[in-house]
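**Student:** Chains as they are written, first to last, in this note's numbering: chain A, 1 to 76; chain B, 1 to 642.
Treat the hints with caution; some may be incorrect.
With a straight-line Cα cutoff of 35 Å, these simulated DSBU-like cross-link-like pairs (lysine-lysine) come out [said to hold, decoys possible]: (1) B/166 - B/190; (2) B/234 - A/15; (3) A/70 - B/471; (4) A/18 - B/231; (5) B/171 - A/15; (6) B/208 - A/70.
Stretch-level coverage of chain A by chain B, calculated; a stretch enters the list once three of its residues show a Cβ under 8 Å from a Cβ in chain B [said to hold, decoys possible]: (7) 24-34; (8) 56-69.
Note that these hints are calculated values from the structure, not bench results.
All of these numbers come straight from a predicted model, not from anything done at the bench.
Virtual Cβ for every residue (Gly too), placed ideally from N, Cα, C.
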Amino acid sequence: MGKRLTSYKDGDRVKITKIDAGHGALINLINLGLNIGNIVEIGRKSNMKGPVIVSYQGTEVAIGYGLATKIIAEIT
Amino acid sequence: MEFILVGQPNCGKSTIFNEVVGYKSVASNFPGITVKYTKSHIELENQKISVIDIPGTYSLQTSDEAELAATKYILNVPEDAVIINILDASVLSRSLELTLQLMELQKPMVVALNMIDEADRKGIKIDSEKLSKIIGVPVIKTNGRKGKGIFQLFKQALLAGKEKTKPSIIKGPANIENFSESMLKIMKEKRVPERWNYRFMTLKLLEKDESIIIFLDDYFKKRDWEFINEKVKKIENIPQRNSEFIVSSIRHNMAFQIFENVAKVERSIKKDIRDKLDNLFMHPFLGYVFLISILYMTFWLIFTIGGICEPLFLDNFEKLSNLLSTKFADIPFLLSFLRGFVQGIGGGIGIVIPFLLPFFIMLSLLEDTGYLARVAYLIDNLMHKIGLHGMSVVPMILGYGCTVPGILATRILKSPRDKFITATLTTMIPCSARMTIIFGLVGFFISIKAAILIYIINIIILGFTGKLMSKAMPEVSPGLILEIPKYHLPGVKALFNKTWFRLKEFIYIAWPLLIIGSIILELIEHFNLTNSINSFLSPFTSGILGLPAVVGVTLIFGIMRKELALILLFSALKTKDVLTVMTPAQIYSFTIFATFYIPCIATIAALARELNWKKAGLITGLTFLIAIILAVLVRFIFPIFI
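All chains, please: the whole structure from these sequences, using the hints.
**Tutor:** In structure tokens form, the structure reads like this:
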């Protein structure tokens, strides 16, 4: 079952199943390769509600905490 | 002929551009908005070519002004234009997604596999010939930082322009292709201009890219739109997903397939020191220790250099000023005018060379190595507390050098609201001119601790102001989405050019106003207006702020040039020993007031340019109000503690 991106721990490989963001943020995420169905690895999650860093195919992207809670993913 | 460099952020595009055109390039704005593109000319095989560097964009699916401007520009380029698509070969699959979109435009094009050394390091071997066969245009391996392959790239671009080498069309799933076919028919019927590639437009319809679709409104009637929407719905029905996801998913998969086809990953990624750096720099605790140390060192270096250089310049300009006094003693008006002019020039040089130049070099260094993105990451949750996000930190750091480039840097922010709030906060950050007041007055006559306290008070006020403004303008901020680039050794040319561009903003906007300001000030003195201005302002300066009336004119001067408030305070008080005429409380409240009140005219001009006159007025009013409140608070609270 899908959970928020923020609830995974470092090193988890997850598949994005749903993005609940507005159109602007959505396009931004898609453009950076964070589309539904894509698999990303969680890395360097700061413990103080800071941004979550996800990486895939050699790219690292920082996603603000608030936005990360709107991305639903499941473990692969 | 025209070459347009297109690539994703951090692909090394600017390094290639700078390598080719050098410092001669001119930054221009896209019509109507303040997103910059850079243009220059080169000569290749006796042909004059314009080279245009448009802002890095991840895709042609537009989400902000910059991307929209870039897309519109590419869509409407002249017939003889060639797109030079620069890819970061080390993240080939992702880079190809933009390439696929550019291919849809069906314009002459070449592809550069840049950072090929980085791909090698990762063990990614790319068959460029095979890639070239698949996409139908020449593919050249380049290493921008070492200048390798660039000449060949531009030669191929010239050839592609002459031969009109167009990319292949890569077909998608059947339902998309059927939709595309029926759209082609409609567009032809309705005489949509052919320079907008029909296939590209079709995909834009599926992507629901309103800002581009709107172009079609002139050609389509309500009935056509209904027909199109019906078709789009049909496509969405099958996987039960919005069509914008579908199109980008297809592209993502296509890019990955091409990647698998042309590249081999020979060994797992060899870790080097750069992969370990982030364990320190982005560590939840150590990261901040490093951040503070790096910023502290940066400022320390700048002020050490500045401290050594500044007196040298000031001395010489003082000599020049004295020389003028003896030469033109009998034409007092001209003398005042010239003195003002020379002081304006000298003041500018006194800021640029000692402070701004080292500041901008250091900042470009932090930016180009990739560290600034880490700063945005570290500071993001702090910024969220005041309704902004990590990206706002860049203009604010610049503001500690000079407010003008700080304000101009707010254009990296996507939402107009974030831009407005960040610009307001940046205006209130003590720039290097205000720093001379803080340390020259409070630091010298009270204590260094008291001077540093002003910076702390400043940060607290920034926090409150930011919080209040974001409460007053509630809007769901899209939040931070930021690529954390790999660490790079910055290219010297790119570093130099970036520094020069920022410096140019000071020279063209702030400096002329600084010179005019200095002339006006000299003329005020020439016509003996000082006393009348002081007495006119005294209800405010003495009545409200509790300062000696003679400071009135220095505050007016401070609007022209902040650091003049300090120099002129000495002459207004007729002593350099300020303590004999002002109490420490008065000194403190004067300094606080001078730090926050009306921004200098160059800043106001920059605010008007970047936002608009109304917002510039609002910010000016707000900072003035904050300055009065703080100065009055200091006036009454300070004596209690002393």
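**Student:** So, for every hint listed, does it hold in this structure?
**Tutor:** Hint check:
At most 35 Å may separate the alpha-carbon atoms for a hinted pair to count; residue 166 of chain B and residue 190 of chain B meet this at roughly 25 Å. Restraint check for residue 234 of chain B and residue 15 of chain A: satisfied, since their Cα atoms lie roughly 26 Å apart, inside the 35 Å limit. A hinted pair counts as satisfied when its Cα atoms are at most 35 Å apart, and residue 70 of chain A with residue 471 of chain B qualifies at roughly 22 Å. Under the criterion of a C-alpha separation no larger than 35 Å, the hint pairing residue 18 of chain A with residue 231 of chain B is consistent with the structure, at around 24 Å.
Of the supplied pair hints, the one linking residue 171 of chain B and residue 15 of chain A holds, its CA atoms being roughly 26 Å apart against a limit of 35 Å. Straight-line distance between C-alpha atoms of residue 208 of chain B and residue 70 of chain A comes to about 21 Å, which keeps the hinted pair within the 35 Å bound. Given as covered by chain B, the segment 24-34 of chain A passes the check, having 10 residues with a CB less than 8 Å from a CB of that chain where 3 are the minimum. For the segment 56-69 of chain A, the proposed coverage by chain B is satisfied: 11 residues have a C-beta within less than 8 Å of a C-beta in that chain, meeting the threshold of three.
When each numbered hint is compared with the structure, no violation occurs for any of them.
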